[in-house]
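Novice: Take a look at the letters that make up each chain.
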Amino acid sequence: MDPECSRLLPALCAVLVDPRQPVADDTCLEKLLDWFKTVTEAGPSLLLLQENPCLVELLFRVLKAHDPRPRVLSFSLRLAGLFAAQEDCFQYLQVTPSSSVSQQGELLPMLFGESGPLGGAAWTAPTVRSGWLQGLRSLAQHPGALRFLADCGAVDTIFSLQGDSSLFVASAAGQLLVHILALAMRGPAEGHPSPQGCDWPACAQKIVCHVEDSLRSTATPQVTQALNVLTTTFGHCHSPWTQGLWVRLSPLVACLLEKDPIPASHSLVDLLLSVARSPVGSSDCGLWETLAQTLSHLSPTQAGPLALGILKLQDCPQALKTQAFGVLLQPLACVLKAAAQAPGPPGFPEGATGDSITVDTFLSSKSACVGLLCQALAHLELLQLLPQRPSPWPQAPLLRAAVAILRFCHGSAAPTSDVGGHLCAVLAGCVRVQRAALDFLGTLSQGTGPQELVTQVFAVLLEYLTSPDSSPMVLKKAFQATLRWLLGSPKAPSCCDLDPHTQLFLGELLPVLRKRLCSPCWEARDSGLEFLTQVTRHWGGQAAFRHALLASEVPELTGQLLRDPESYVRASAVTATGQLSSWGLYATPTGPEHPEVQQESLFTELLHILSTDSEGFPRRAVMHVFTQWLKDGHADVAEDLEQFVARVLQAASQDLDWEVRAQGLELALVFLEQLLGQPGSRCPYAVALPEAAPPATLAQVLQALCRVQLFEFALRALFDCDRPVAQKSCDLLLFLKAKATPCGGPQEAGASPDVVSVEAALQRWQAGEQGQPLGELEPEAVMAVLRSMDLEGLRGMLAKSSDHMEKSPQSLLQDMLATVGVLGENEADCY
Amino acid sequence: MPEIRVTPLGAGQDVGRSCILVSIGGKNVMLDCGMHMGFSDDRRFPDFSYITRNGRLTDFLDCVIISHFHLDHCGALPYFSEMVGYDGPIYMTQPTQAICPILLEDYRKIAVDKKGEANFFTSQMIKDCMKKVVAVHLHQTVQVDDELEIKAYYAGHVLGAAMFQIKVGSESVVYTGDYNMTPDRHLGAAWIDKCRPNLLITESTYATTIRDSKRCRERDFLKKVHETVERGGKVLIPVFALGRAQELCILLETFWERMDLKAPIYFSTGLTEKANHYYKLFIPWTNQKIRKTFVQRNMFEFKHIKAFDRAFADSPGPMVVFATPGMLHAGQSLQIFRKWAGSERNMVIMPGYCVQGTVGHKILSGQRKLEMEGRQVVITPTLPPPALSHACCDTAAGVMQVEYMSFSAHADARASCSCGQAEPENVLLVHGEAKKMSFLKQKIEQNSVGKPRRGRACEGGFSRACADRARHLAEALSTPPRGQLLYAANGETVTLSTSPSIPVGISLGLLKREMAQGMWAGHAGWGGAAAGQVAPQTAPAPAPAPASQGYSRMPRSPGSCRHPIMKDSNFRLVSSEQALKELGLAEHQLRFTCRVHLHDTRKEQETALRVYSHLKSVLKDHCVQHLPDGSVTVESILIQAAAHSEDPSTKVLLVSWTYQDEELGSYLTSLLKKGLPQAS
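So the sequences go chain by chain: A and B.
Be aware that the first sequence starts at 1, since it is given in the numbering used here, and climbs by one per residue.
Be aware that the second sequence starts at 832, since it is given in the numbering used here, and climbs by one per residue.
The set of hints was computed from the structure by calculation and includes no laboratory data.
Note that the structure is predicted; figures quoted are calculated from it, not measured.
The beta-carbon is built from N, C-alpha and C at its ideal position, and this holds for glycine as well.
There could be a bad hint or two in this list.
[To be verified] Which residues of chain B face chain A? A few of them, derived with a C-beta cut under 10 Å, are: (1) Gly886; (2) Asp918; (3) Pro932; (4) Glu978; (5) Leu1195.
Please model the complete structure; the sequences and the hints are all you need to start from.
Specialist: Quick look at the structure:
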């Protein structure tokens, strides 16, 4: 431990035990424990306690306090647990009395035994119960701890805490039981103990018997607790003894399936999946039978998660997988049946035909119907993305079902059956189902489908994009699904343009997009712009797309949205126009023969946004567009590169948003790389330095850098009050310095440049004076200053960040001590 | 029995990371989704794993409601919606929706770029999250779905802050978020409709405090600033971009105008415009005075407050600067602090809370040596704290003065238990400290017996100013909740059973008849409501829990019979005749029978006559008849005498009666069992 911390500790311990002194907030005690955890993990705890007797004293005093403060008591329990994790320290705390004459007794039993906080008034505070459990969790690391737990009767208390009123305490109790069980089974018991448990350690037997009793209980909470403990056990412990445990307990678990209703079905599903994923699963054939039985016993809603879990398993009998897939498909099969006008094409595989139970669920209530459908759609969406998804994948019926659901929701379906009518009534305008179905439909774009079906998909998407009833969120999802289907659509036979169906759809889509860009709802405009950006990024070079887009008013509207009242929309419009412009699609009236006229106007407009927009998002977007233009070698940027860079840097350097300034430095770095060549590694912390540039080139480059005022921007940014800006600047200047200075070589000969004005400016900036510009700079002077600067040192200091100070244990201890006596109104205040 | 369950995942008995799960009428709602500024790891967010255990988040939660834009109430939202995976609706007011992203961006900047955290939400995630938001207007009833509805009310506190009423059927919960019952210079006081929610979840930041007069605090603040400026010093006020900064700006602007002061006041770069933009945009959310004068003069167009340029910090002479961030942990405020810290003429005023680890926290706790970016800044107070100062140190030569003045806008004890017009059945205190909540509860319980004596509040262990406030507290708590006052630690679930209140219609005629018979008064507590609440026909009246059969029996009085009928999901209270008619049913007669054996050697007819005479003499108020067939009747009770089949000296009396006369029937049987009087 740091000597300074050692020096501060006694005072802090004294404060903690003094009931008159207010304790700093919980976060301080948490951070203090974090620090002790680091310290105890790094070295011997015993030595720590011996060198800092105030810590043991603290534990004694808290115990002896008449009315201990719950927070401090909880802290002490956890602290004692951290120390006792090491066996020698555990022994020490078991037997060593306090140095103070008034304090006698065995510390650990006093803390965790029945004579401790367990019986006190403070036990009513959840934080104390939680601290007690966490302390034991830390402590239970060695055989001695097991004996201690048995002797002090802690296990019984943990059993009772499983049903605690606090979720946190109950959960911690369950996890501690698993931890103790695993600890008990470690060592001599490890191997293949008998399922009967006659050779199991007493502690383990006790826990298993408790779990058995709980599984037999008629009270659902107790069954749930037992199932949760077992789920954690099979999830975390993969030793052979778990096999014996399952052999012993699986009959009891199977008995639960015979009850009606099945108790704690959610936890039961978790347990069965946990066992199936563990090594136990592969060796127990009876498990698959239990899983199959469970699938058929549970209600459709309860069975869904189990079915998905089964389908995610790597090794599992095909019949079970088929059954599970059938469960997931049932709701959609019902929908298909309900939507059918006449006997249609083949539907789902056998076993998924829309059984009566699912129909009953649909008919029982609106929330049940909506819940089941959303769950099925989400599960199938997840499944579609998995490599182990069932094969053959019923793409066509799934597509039909998704389209049918969307039509039910939209009110455009005309069902003939009773169930169809019911679904129509229940799903009409249901945003929740619409969202889930659109997500699912988007995922289905990964597969193919018959053209007639794809046409239906585009038609229903267009319905949603057009409908005034579509909520902003639904609209966004409709745009996303449309994008996925568009980008996944097949190319024309020539592979260089869009297929005729897609072209036809585009003809219908663009007017809808245009309408959405004029929507009074900003979310709709923004989603439209995001869609446009993405589709242009992928199809900007496709003739059919270009033609359709230029024939629409979409590019002009996008330009108008640069002045949108909503900053998010302006930012999206900036990105979209930047993308359009990159493909020469921004200027509609002009042909490709005169793009520069429009391009110049867009550059000016974006520069105007960069200089004047009151919000950061559009300005940041502009910087991203400009950086991308520079990287891509945009023709119009390349035409007068220096002018472009100079104007952008000038605007960025004065920006109030640190991200814009940082992005300005990013753009400057791209510029430098284009002039000097890329560094060997783009990692700013890489040790390898880039190769030096030839002197003739270098001189020209430096002149250019002076002309665009990159030096002034970078040097000023070096002392920016926002650290990321200073860091970026430091990296940039280091790159430049390395390029200009051959590794280990001498500096160029010649007259000493005049560095006085530069150094003076640097000093002013360092002192926080930002007012004076540098004026005309000589490249040699700048380079001389750069060479004289300890940029590596500065980078090291910046990398530390002010958190280096804020997070240090000394700082924490000082803060806690300093708070004494001044807590009052301050602590009650908030944001 | 229906119940409401509430589990705080954060801010149960602390401040920060507000996140409260409410389960009402089968719907699950999350109230606020905040972060804790004191942590920089996973602990900064509520532990959502306790919700994800219940399956998919979006399936489990019906909606998320955000009360206001402070990060301890919305800071975890992008993480929750974009990283944990909640895809459902998020409700907040329009100003909150507009301002939230700005504060979330600030937070992201600190977390990602200053602390180098990679696994954090991005700007795009913030935007995607905000697109899931459904903006609500004040007093607008929003149907989340067919059963769940929410309604927002003005909460004061900060621009756009709202209290929410959540209602499912007849059950309702009101969540206050942070609120302020006292109007300030730019916001009004919290206000809610007169309502009787089953539960009020209220903040209790100042649960044991009756705060000093705001005027006093303002006077102190102005005095300090003025004195510093007069002696040529500079005043730094670290603030967050939006919130109490605007309050202080209006305060200083007005003071400067009145005193005709010339020293410049600056506001952190860019934020003046931004703040003005939002305050102008949402002018209806400000207080009445600002709204009224807005046309003539916009209070947010300051004459004396100008945008700050970094170069100004070095200008000689006095000035006042509002700079961000508010905890002096980075950026411009920290830079200015470093620059000015060395002069005794200067002053820093901290108007809000600072978390441990920040420079703000250090100077507030009186630390003298601060190491910042490799440099040591020394603040050495040599004088004791002045009487007026709320906290911390004042100084002598060579160092800056430090002042703490709380301008946070929270409800104090006077408001915490009543929240204006809401008359809750139960109250759950959140967003405060356990000890103070317990103290408050104790005081309320005492108050319901007798008001505490002056100074008794000190017994709770609150040394600071509690004694002076006890009297106010007692006054404040004159209307405690009708049910329980509760508080729960994070992770603890509070469960409340609710008595469902079901609207029932009743015809005017029946109501008048019942009233005339005085029956309602007898059932005042029935169904949880008083007789006076019953209204004719269309107005709802309380009824007992519905009988699934369609109608159920109610307490009956002689000559009166009413039944609730459920038709088309509506309950109506009608007479039994009407009920039978509407239901198309004939009345069933249910009779109880009993045999009484009497030792009587006479003939059956004589025995019957003896019975008649006996009853006639005993039951003077009832109509006793001897029928020609030898039977005796009393009301609906029929008595027939018969010979015993085996014992001729014994007669069997067959007694039967309808269930309406059950009491009389029982009485008669017991009377007859005692035997008949000997004939004279």
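Novice: Each of the hints needs a verdict: does it hold here or not?
Specialist: Here is what the structure says about each hint:
no. : hint    : result
1   : Gly886  : 6 Å, holds
2   : Asp918  : 6 Å, holds
3   : Pro932  : 8 Å, holds
4   : Glu978  : 8 Å, holds
5   : Leu1195 : 6 Å, holds
No hint from the list above goes unmet by this structure.
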